[in-house]
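Enquirer: The listed protein sequences correspond, in order, to chains L, P and U. Position one of the first sequence corresponds to residue 1 (my numbering), numbered consecutively onward. Position one of the second sequence corresponds to residue 673 (my numbering), numbered consecutively onward. Position one of the third sequence corresponds to residue 840 (my numbering), numbered consecutively onward.
Derived from the structure by calculation, the hints contain no laboratory data. Every residue gets a Cβ at the ideal spot worked out from N, C-alpha and C, and that includes glycine. Treat the hints with caution; some may be incorrect.
Once the Cα atoms are required to be at most 20 Å apart in a straight line, the calculated PhoX-like pairs of lysine-lysine come out as [stated by the list, open to error]:
# : chain 1 : residue 1 : chain 2 : residue 2
1 : L       : Lys64     : L       : Lys78
2 : P       : Lys772    : L       : Lys382
3 : L       : Lys415    : L       : Lys267
4 : U       : Lys841    : L       : Lys382
5 : L       : Lys335    : U       : Lys841
6 : L       : Lys335    : L       : Lys382
7 : L       : Lys198    : L       : Lys335
8 : L       : Lys64     : L       : Lys267
9 : L       : Lys30     : L       : Lys267
Just so you have them, the derived chain P footprint on chain U, three or more residues with Cβ under 8 Å [unchecked claim]:
#  : region
10 : 865-873
11 : 961-969
Per label pair, the in silico range of CB-to-CB distance [to be verified]:
#  : chain 1 : residue 1 : chain 2 : residue 2 : range
12 : P       : Phe771    : L       : Pro80     : 26 to 36 Å
13 : P       : Gln759    : L       : Arg158    : 34 to 44 Å
14 : L       : Val449    : U       : Gly898    : 51 to 61 Å
15 : U       : Ala878    : P       : Phe771    : 27 to 37 Å
16 : L       : Lys456    : P       : Leu780    : 26 to 36 Å
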Amino acid sequence: MTPELGHFALILALIAALAQTLVPAWGLWKGNARAQAVASSAAQVQFLLIAVSFAALTWAFIQKDFSVAYVADNSHSKLPLVYRISAVWGAHEGSLLLWGLMLSGWTLAVSLFNRRLPAELSATAIAVLGAVSTGFLLFMLITSNPFERIYPVPLEGRDLNPLLQDPGLIIHPPMLYMGYVGFSVAFAYAIAALITGKLDAAWVRWTRPWTTAAWAFLTMGITLGSWWAYNELGWGGWWFWDPVENASFMPWLAGTALIHSLAVTEKRGLLKSWTVLLAILAFALSLLGTFLVRSGVLVSVHAFASDPARGVFILGFLAVVIGSALSLYAWRAPKLATDGELRLYSREGLLLLNNVFLVTACFGVLLGTLYPLVVDALALGKISVGPPYFNAIFFPLIAPLFVLVAVGAVTPWKKGEWRSALRRLRGPALLALAVALVLPGLALWLAPVSASFGSKLTVTVATWLALFTLGSAGLEVWQRLRAKRQHGVGTAVALASVPAGAWGMTLSHLGLGLWMLGVAYVTGYGVERDVRLSPGASAELAGYEFAFEGVRESQGPNFTADAAHVTVTRAGRPVADLAPEKRFYPSQRSVMTESGVDARLHRDLYVALGEPLDPQNPNGDWSLRLYYKPAIRLVWLGGVLMFFGGLIALSDRRYRLGARAAAPLPAASLVA
Amino acid sequence: MRLVLSRLFAGLALALAAALAHADVEGLNPAQEVRYQALIAELRCLVCQNQTIAESSAPLAVDLRNQVKTQIVAGRSQAEIIDYLTQRYGDFVLYRPPFKASTALLWLGPFLLLLGGLVWALRYVRGTRQPAATTEKPVDPEAVQRLLAETQAALAAQDAPARNPKE
Amino acid sequence: MKYLVPIVVLLGLIALFAVGLTRDPREVPSPLVGKPAPAFALPGLGGTPAQLTPADWRGRTVLVNYFASWCAGCRVEHPLLMQLAREQGVEIVGLAYKDTDADTQAWLDRHGNPYRSVIADTAGSAGLDWGVYGVPETFVVGPDGTILYKQIGPMTPEAWETKIRPLLAGTGKS
């Protein structure tokens, strides 16, 4: 009965979503405040119903109810409990339900925290979210019902895709969806601003924390996804520029641009229509990602089972939602035109440039992702666009951002002073240069790998960019403290008086710098080797000696494994014991590589077990792939710092629930 | 039919996806090995989901790796090997699309866009400068009055919901 | 005016995706269509005849079908090939791709043999030259030895009626 209950709750949720959209819309049209107030309660009811539905599906998984087709397809009686729960979002139908739950959860949060918001704005935003939710619920009920039964009931499930049986995959999708879906709030506020024609400082102050929260979750989601791919795919890579990865990265780039343009709009009342456009764009790219992942128009390593019928539905939905948003934009945005001077050399001028680079990078990724489709549609043949292309265009486009971060840290709003900025940046720049000239050489001396002149040069430049960013972010904190201390404030008090928003920004920029550092070393100096080893033999890589001790069989809950034992020494001293595995999952007849990793902040040693090269002899040779990955942890550490930066910025007093939206309009708009 | 087929392929490729490929480098000197690894990391496996032939263990990927290796040992240049492959499979095998008429937009697009973006930003900045020039002029007292009234109205409207009886 | 740019871009993208949904991203067209069929010299099944080359069917339009006993898609298209060979007299040359002679023979004994001749491409070397990336694949080779068409994946009645049959009719063969 539980699955039917879940299905029924989903239908009721659709009705609630419709009410959440139509009743407030009517109220706004007629000026009826009561009808507008329905928005919040309908949103809360909708959340409860979807939560019931989600719980019902989870229960079916826990109970191994293989009479539900989705459970039978993605679970197995021997699947451990934690993976039975994460299998709820392991495939298309359930992940859509998770998406729906997240969307209604965000809407619930809006409906609870909207007390101080102008009633009209709040009702409009919630109605927009209701419309989005209606589309998703219809999609689920029409094409992707997770509660469908099958008869006859299979005795055994077909198991969760073994690739997804990994701790990273338990939290990666929920985090990612929190981010994707979270941009719907900024989108809804943008639509509300276009409809009501009101976009003031209060609006920005309301939109900013929601955007930052969504961005932080998306950052964490992408970081976890990268970490999972590194551990689970066995190729030692952390980013493949696969369409599915790009689908999550494009909204991130647009969202990052949005965070920065919101800052300009809040402080200076400028770039209003641009900010609105970015808010629409970030969510549009989230929907586009959903389309790309689920429609099968592009080939990807980790796409969902594709189905053109679903593709048609999402494309139609995307056309309706984003099409009406952009039509509304074309009609109403000219009225948001702002006045007030923006100087190129000022904080806001640099943020404008930041937006140009971020949005260009975003469109570069979009172009590369879709270009094979364009060429195919024009009947010009089939081409592939892969990592060589993306790396070639992406890094030049974002390199200036690091300089912008540094210069921005010493540039005030409204009007900057070139000479003083240069004077203040001279120290960090030269220091970064000094370290950048030494560090890459030192790294090579400590772990000798063969690197071309090109990669040495790239590593040096990237090191400089990263350290310059780190140094200037630090400089900014120090300047704030010094300014306070000059007014006779003690260090502790001065530290506490720095607004959370500024701490968040600094932390995120530190994260960016660390990320760059990690990327530079792992791509420039990372090495790998394919070796054939017999038990007892060893191979050398980057100064480390990998000794292969042999393979033994072991038994997991739903797999059998060949577990190897590899000991690593350096100059005779033991460094690590690694246990790479090759797992066989009989339920899906598939083989998985479980890599053995020794992780340190400055390097990873990574071993993946290949094939037995002598199948007749159990103690014969094996192929192994050895990797030396310098500084790869910094790539994820950077992401984690950005995540916490976002969370800290959220706690800024300006955004407190109690904070009144009473601050006057920016001075600039009064002057003109 | 096509759907069934693509499912079939999908199932097969996914099963193979995670099995680690072993690139056999025996018989290559260190310089050749570097060339070999760099080349196979930029070639696409045609039957896989979206993988290079270096990553894939599909039989076709193994064949292509061996082919690349044989040709490197035979002293063929990078361009010759790429020609050999594109003659058989087309540009699809290359993850680095060659620059030609049909890919000009792909390679130049981002940089043209950047140029356009910078021009737009500069024009935006210049566009905001005009009102600043006019602020030097004496202020029209009537306009100030009007603005003040509007601002007060706006502030009042903002405060209104705060007095909502619901609270 | 400039406020209309985003919606125009969106409409363009939607048109692109609408076309994209009708395409199969997995299907890679062969650059060999319109070019001479690559040469090979391979033994027939079981070593008889000792050597076969594309020159052997020069002057006739034939279907060159790459298949294997381990291939699921080959089972799907097999009845259609049987029908074409028996009822329409189409000349089909089979290339047993990466298979052992014994397995191929057993498979043909079990399901029937639609091929005028079966060539053993045990190592897949001919397949490599012909750009085969997944069996089954079927090439239409004209009388002058030019590849006229390539069917990727199992042969379907639609593909036969709309694509291949006109090619055979055009060269005076039904």
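Enquirer: So, for every hint listed, does it hold in this structure?
Expert: Structure-based check of all given hints:
no. : hint                              : result
1   : L:Lys64 <-> L:Lys78               : 10 Å, holds
2   : P:Lys772 <-> L:Lys382             : 13 Å, holds
3   : L:Lys415 <-> L:Lys267             : 13 Å, holds
4   : U:Lys841 <-> L:Lys382             : 34 Å, violated
5   : L:Lys335 <-> U:Lys841             : 13 Å, holds
6   : L:Lys335 <-> L:Lys382             : 44 Å, violated
7   : L:Lys198 <-> L:Lys335             : 10 Å, holds
8   : L:Lys64 <-> L:Lys267              : 55 Å, violated
9   : L:Lys30 <-> L:Lys267              : 35 Å, violated
10  : 865-873                           : holds (count 6)
11  : 961-969                           : holds (count 4)
12  : P:Phe771 <-> L:Pro80: 26 to 36 Å  : 50 Å, violated
13  : P:Gln759 <-> L:Arg158: 34 to 44 Å : 41 Å, holds
14  : L:Val449 <-> U:Gly898: 51 to 61 Å : 60 Å, holds
15  : U:Ala878 <-> P:Phe771: 27 to 37 Å : 32 Å, holds
16  : L:Lys456 <-> P:Leu780: 26 to 36 Å : 29 Å, holds
Checked against the numbered hints above, the structure breaks hints 4, 6, 8, 9 and 12 and satisfies the rest.
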